[in-house]
Amino acid sequence: MRLASVLNRSVIFALLWVTLTGGAADALIYGGVAVPAATLLSLRLYPVDQPGVVLWRVAGFMPRFLAQAFMGGLDVARRALDPRLPIAPGWVRAELTNRNEAAGVLLGGVVSILPGSLAAGSGDAAMDVHLLNVTGYSADRMQADERRILGLFDRRIDSQDVANG
Amino acid sequence: MSWIDLAVLALLGTGLAFYGAGSLGLLRFPDTASRLHALTKADNLGLGLVALAAALHWGSLAVAAKIALVWLFAVIAAGITSQLLARQARLDGTRSHPDGDRP
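Sequences listed follow chains A and B, in order.
Note that the first sequence covers residues 1279 to 1443 in the numbering used here.
Note that the second sequence covers residues 27 to 129 in the numbering used here.
Looking at chain A on its own, in the form it has when it is part of the complex (with noise of 0.2 Å):
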């Protein structure tokens, strides 16, 4: 299990590597060492014990985060372009279902893609969150999203429900 991680984080560097360089011989060499130091950074950033995002989960959700992104860029640029500048900008206090940190910068990350609203980080099982127009908040909707960046992870996420202690 151990080394299949491992072996699966190097394998995806490797893949970054070549992607990003077009495969080409010269820079195969600088490839040799920046893999396996960027696998060796990943380990100590997030040891292979931590619960595991599924990748394929991931690809599955990657047509709504891009029509999120889409719809997010769109709004912020209406409200700019609007010489009555409709915003209302506050801050919530959204609670969240789940203490891991990772799933909280993932989700804050969304959250941030989102039209209107903007992480300001997680911690405590709750998470700030600035809104352009603070009528709009919907604690549903939030909720919604933490369930879909939680079911992104392997079955070890559910430990640290805030349900569980």
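Misleading hints may appear alongside valid ones.
[Claimed, not checked] Facing chain B, from chain A, some residues (calculated, C-beta under 7 Å):
{"id": "1", "residue": "Ala1358"}
{"id": "2", "residue": "Pro1367"}
{"id": "3", "residue": "Gly1387"}
{"id": "4", "residue": "Gly1399"}
{"id": "5", "residue": "His1408"}
{"id": "6", "residue": "Gly1414"}
{"id": "7", "residue": "Leu1428"}
Rather than coming from a laboratory, the hints here were simulated on the basis of the structure.
All residues carry an ideal CB built from backbone N, CA and C; glycine is no exception.
Given the structure of chain A, go ahead and fit chain B onto it with the hints provided.
Positioned in the frame of chain A, the structure of chain B alone reads:
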């Protein structure tokens, strides 16, 4: 001029318009966190459209994959930086006004 050239021009033009809107938001929005909305969201979309134009212009799968990765890394970097900046804006706001930095 081929259909591809027209599509490239349209994507580039739209992408630049989003960059423009993002910069306008940076100038017009009243507080730090609102300005971050404009910068991250509009610019991510602008970069995505410009990247799509570049991928279409070069018309190779390898180049398109490279550009898609560059876009993804830029989005991740922007997402992390904006969370850190928003966190600081939140803390500063709480210190000066107990209700946050409402204008």
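A quick look at each hint next to the structure:
1. Ala1358: Check passed: Cβ of A/Ala1358 comes within 3 Å of chain B, closer than 7 Å.
2. Pro1367: This interface hint holds because 5 Å falls under the 7 Å limit.
3. Gly1387: With Cβ-Cβ at 4 Å, under 7 Å, it holds.
4. Gly1399: holds, 4 Å
5. His1408: holds, 4 Å
6. Gly1414: Hint on A/Gly1414: violated, closest Cβ of chain B at ~13 Å, above 7 Å.
7. Leu1428: It is violated, given that the least Cβ distance between A/Leu1428 and chain B is near 18 Å, above 7 Å.
Consistency note: the structure conflicts with the earlier hints numbered 6 and 7.
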